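> Residue numbers (my numbering): 155 to 293.
Hints may contain errors.
Said to hold, decoys possible - Restricting the straight-line Cα-Cα distance to at most 30 Å, the calculated cross-link-like pairs of lysine-lysine (DSBU-like) are:
(1) K280 / K156
(2) K293 / K280
(3) K293 / K156
(4) K156 / K197
Unchecked claim - The following label-pair restraints were derived from C-beta to C-beta distances:
(5) T291 / F160: 17 to 27 Å
(6) E155 / N192: 17 to 27 Å
(7) A261 / D191: 19 to 29 Å
(8) E155 / S202: 36 to 46 Å
(9) S219 / F160: 22 to 32 Å
Simulated from the structure, these hints should not be mistaken for laboratory data. Just so it is clear, the structure is predicted and the values come from calculations on it, not from any experiment. Ideal placement from N, C-alpha and C gives every residue a C-beta, glycine not left out.
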Amino acid sequence: EKIGTFNYEGEGWGLANDGQSLILSDGTNRIRFLDPDNFQVRKTIAVSDGSTPVNEINELEYVQSEIYANIWHADRIARIDPQTGRIVGWIDLTGLLSRGEVHDGEAVLNGIAYDETNGRLFVTGKLWPKLFEIRVTRK
């Protein structure tokens with residue numbers, strides 16, 4: 155059931171919610187925080203790994219006070235500080251989907267979901283035949 159519409163200029167690659175703002179990616183290294191009532195930009199952060207800008211930020215999820223973002227055509231998820239835009243860590247998902255299960259060059263990591271109630275994290279991809287529940291551990 156459609157409950158409303160809004161206009162937005164630009165591309166929308168990923169969308170998350172931190173309880174106060176809608177968090178929007180557009181394929182660049184910039185993430186915008188929008189007021190959910192009027193969709194005005196509250197703030198913008200530039201995402202970087204050290205001094206290197208990280209572009210092609212795609213799907214987003216807000217997880218335990220961090221933004222998790224997959225990078226287009228990369229098998230890893232960036233853990234981003236929402237205040238500074240700095241990447242505080244990476245989740246390496248290399249090999250999660252076997253090569254035999256990849257039948258298209260666009261079958262890339264492209265989905266993150268967080269079950270806050272139970273603390274569960276799920277990932278999947280574009281054209282992937284599976285959804286994975288993962289547990290993040292420190293090396």
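> May I ask which of the numbered hints given earlier this structure violates, with the numbers listed in increasing order?
The structure breaks hints 3, 5 and 7; every other hint is satisfied.
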